[in-house]
Amino acid sequence: MAAAARFFVRGAQHSKLSLSGVGTGPGTHSSFAATVLKLSPSSNSRTKTQRRHAAHFAFQPDPEPTQYGPTQKMNLFQSVTSALDNTLANDPTAVIFGEDVAFGGVFRCTVGLRDKYGKDRVFNTPLCEQGIVGFGIGAAVAGATAIAEIQFADYIYPAFDQIVNEAAKYRYRSGNLFDCGNLTIRAPWGCVGHGSLYHSQSPEAFFAHCPGIKVVIPRSPVQAKGLLLACVADPNPCIFFEPKILYRAAVEQVPVEPYTIPLSQAEVLQEGSDVTLVAWGTQIHVMREVANMAQEKLGVSCELIDLQTILPWDEETVVKSVVKTGRLLISHEAPITGGFAAEISSTVQEQCFLNLEAPISRVCGYDTPFPHIFEPFYIPDKWKCFEAIKKMINY
Amino acid sequence: MAAVRSMNTMYGVCFHAARQTTGLKASRLLQHIQQRAFRVAAVRRQHLDDSTLEKPQFPGASAEFVDELEFIQPNVISGIPVYRVMDRQGNIINPSQDPQLSKETVLNFYQKMTMLNTMDRILYESQRQGRISFYMTNYGEEGTHIGSAAALDPSDMVFGQYREAGVLMYRGFPLEMFMAQCYANADDLGKGRQMPVHYGSKDLNFVTISSPLATQIPQAAGAAYAIKRENMNRAVICYFGEGAASEGDAHAGFNFSATLECPLIFFCRNNGYAISTPTNEQYRGDGIAARGPGYGMLSIRVDGNDVFAVYNATKEARRRAVAENQPFLIEAMTYRIGHHSTSDDSSAYRSVDEVNYWDKQDHPISRLRHYMTTRSWWSEDDERSWRKESRKMVMEAFEGAERRLKPNPELMFTDVYQEMTPNLNKQKESMWRHLQQYKEHYPLDLYDK
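Each protein sequence line maps, in turn, to chains A and B. So the first sequence is numbered by my numbering: it starts at 1 and just counts up by one. So the second sequence is numbered by my numbering: it starts at 1 and just counts up by one.
Just so you know, not all the hints are guaranteed correct.
Below, computed lysine-lysine pairings styled on DSS-like, alpha-carbon distance capped at 27 Å [to be verified]:
id, chain 1, residue 1, chain 2, residue 2
1, A, K320, B, K426
2, A, K320, A, K391
3, B, K428, A, K320
4, A, K324, B, K315
5, A, K384, A, K320
Facing chain A, from chain B, some residues (calculated, C-beta under 10 Å) [to be verified]:
id, residue
6, I227
7, A290
8, P293
9, M297
Just so you have them, the derived chain A footprint on chain B, three or more residues with Cβ under 8 Å [stated by the list, open to error]:
id, stretch
10, 179–191
11, 245–251
12, 340–353
13, 380–388
14, 416–423
If you're looking for bench data, these hints aren't it; they were derived computationally from the structure. Here a beta-carbon is modelled for each residue, glycine too, at the ideal position from N, C-alpha and C.
Generate the whole structure from the sequences, applying the supplied hints.
So, in structure tokens, the structure goes:
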């Protein structure tokens, strides 16, 4: 299933080296972007046709958290490594496994961990997603802390049965005799500029319809570490989606020691009074820009909420905000039909009917597979979101 | 010549890579060069030794070259032999293979097998009368359960499919608990949430059964891996039917357990049918056992109607799995005498004669009884009184379970997550409000308050 991806990413191992000195600042090409350039044999003479559209977001680091001790500058993949490092150090049962995690992972998230903690704790599995999740469930049932990696969220579907029918229902169906609460599944997620159909997907809504699991998506290195450690500590099976476009692009000060950020709790990033904006992952950075644009160009005050946990989601924070602002815009990269915005939208409509001054707006991906060359037109970028706010305000 | 060229290529790549890495962090550069250096050294080493020149150097397999075109033939006519210890009359065939079990042990085997059989008959009938919603019998496969369970340590973890109730029976799961699960009453450890025969027991290390086939197979590998790291001299056994072995999860579990070196026994019950599908529509190789070597797994095929053959194979597999940290595959050949389930009429796809042969001529219970009779360990009188006694025990448990109330409806909402989420709490309260208003339309009096 993931064979095509492996070929793709194997190539990246060589090209990454030649470009890693370039792409660390916000908005520059990720290593993934470099892959495509490198794979084109005559890329130098054809840079014009291969040139990437400018990044669709600008990463804004959060203020440095001071309450958890010393911090260090980390990008998102390094903050994931830091969380995994803390876990392995503090929990002797913890193991990390998946495709190609031993040498550090195709996105460098597990670099150095095998050397530090041993090959029985950080190891490659055969190339088989249903096996990886099934194996992780079993290890968790036997009492180990199991951290499984699926190489791309796009390749999580072969494990859908193990996640939905098994992991999510283990505790319930056994009357709490057995559970796999020690299982965490991590997977790179979201668009990356040129990932096309199978390196871009945002499958959270498929899992949002499944009682028994938790689905969590961070927006930054600080959030990634705190939420990942919360997933690992949580007594329920969790899926942790890592926005891969942020792996290198997002850099901020991250505490070195372990800390957790509570699950099922949305974060109000910016207070506002005219409209509520809800998003998660990379889209938060898009929305932050949109909020600034709305303020500057329209004089509209936006309240920005990072949902962080998709399931079980923080209804209260969102509803409270909409009661105040009277308007709601939800935006996600995933296709609109059956996307998680629909769930938020109908819940808010039910809870805030008397407060709503305009129809709830959803700015999402179109109902198509995620395209290659058309990505700039596909994604719900700041202009699409800005236009939606304009319409909502003038409703 | 070819060798020299490939070496040059390797050096070329190395040089190229080094040139590209200027500006990298020193540590990563070093690591990169070390990896390359290692690979180049490996190439060199291979080419220094002249005698290896004519040997294939492919990393994917260790084999010789051949200069004749020949496809490997599967051997399905004369397959992996079926290991047996006693014949159909209960006579030990090869004394060196006699496990020499004590009289008490053998009587216990027999009583557990027949108790399971008695429970099957009563629960099957109760489903026919609509007293429970569903049931699956174990007819003909009692020997595989008891023989394998007896060869394990009680601390060994069991992952099953659904036709392994005898393993629980052997481990001492009370009749009341079997019944409570089938009736989904307030005593059910599973809180009445799953269909009948989906048993589980934390105390007896029997992981709760689920309906999706083969999902337990890679899970068993993960559990065995975790148990190996604990280093507590435990193993895992994983049961599945030959039909379930066609699932992708079986492939996953076999391969993972071999590459990750898990102390695990895969126990396949090959009973000839997956519901209506005969094995010739299930696979074309030599059954399931023949797949084991393909995964690098030690494998054996046993007579599943011979409780001693099952016992011996499981005992040895368990010993070696724990000592050597590697998986074993046991394929127990047997025959599904009963219908697939109470929702199935097997006469629609197989002959009554076929079923009768296995029921009358080659049954694990009657074979063990022959063995005991030969040794004068069991008489007609013993049989009569045990039948009566076991039937009475089952009936008592049955009636007790039937009288018991169902669990409180509130238990529908717990254990979805470890904690009760605000959303679920709201839905629970909404249900109670609704029930208060419409209580006459719901069977509330059958449920615990």
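Hint check results:
Taking the CA atoms of K320/A and K426/B, the gap is about 17 Å. The hint holds against a cut of 27 Å. Straight-line distance between C-alpha atoms of K320/A and K391/A comes to about 23 Å, which keeps the hinted pair within the 27 Å bound. A distance of roughly 23 Å separates the Cα atoms of K428/B and K320/A; the hinted pair therefore holds under the 27 Å criterion. For a cut-off of 27 Å, the pair hint linking K324/A to K315/B is broken: about 69 Å separates their Cα positions.
A distance of roughly 25 Å separates the Cα atoms of K384/A and K320/A; the hinted pair therefore holds under the 27 Å criterion. Because the beta carbon of I227/B sits about 6 Å from the nearest beta carbon in chain A, less than 10 Å, this interface hint is met. The closest approach between the C-beta of A290/B and any C-beta of chain A is roughly 20 Å, which is over the 10 Å cut-off, so the hint fails. The criterion of a C-beta within 10 Å of any C-beta in chain A is not met by P293/B, whose closest approach is roughly 17 Å, and the hint is violated.
For M297/B, the shortest C-beta to C-beta distance to chain A is roughly 13 Å, which exceeds 10 Å, and the interface hint is violated. Using a Cβ-Cβ cut-off of 8 Å, 4 residues of the stretch 179–191 of chain B lie near chain A, which meets the minimum of three, so the contact claim holds. A count of 3 residues in the stretch 245–251 of chain B with a Cβ less than 8 Å from any Cβ of chain A is obtained; the coverage claim is therefore met, three being the minimum. Counting residues of the stretch 340–353 of chain B whose CB lies closer than 8 Å to any CB of chain A gives 0, so the stated coverage by that chain is violated, three being the minimum.
Chain A is given as covering the stretch 380–388 of chain B, and this is violated because 0 residues of the stretch bring a CB closer than 8 Å to a CB of that chain, at least three being needed. Here the stretch 416–423 of chain B counts 7 residues with a CB under 8 Å from a CB of chain A, which clears the bar of 3, and the coverage holds.
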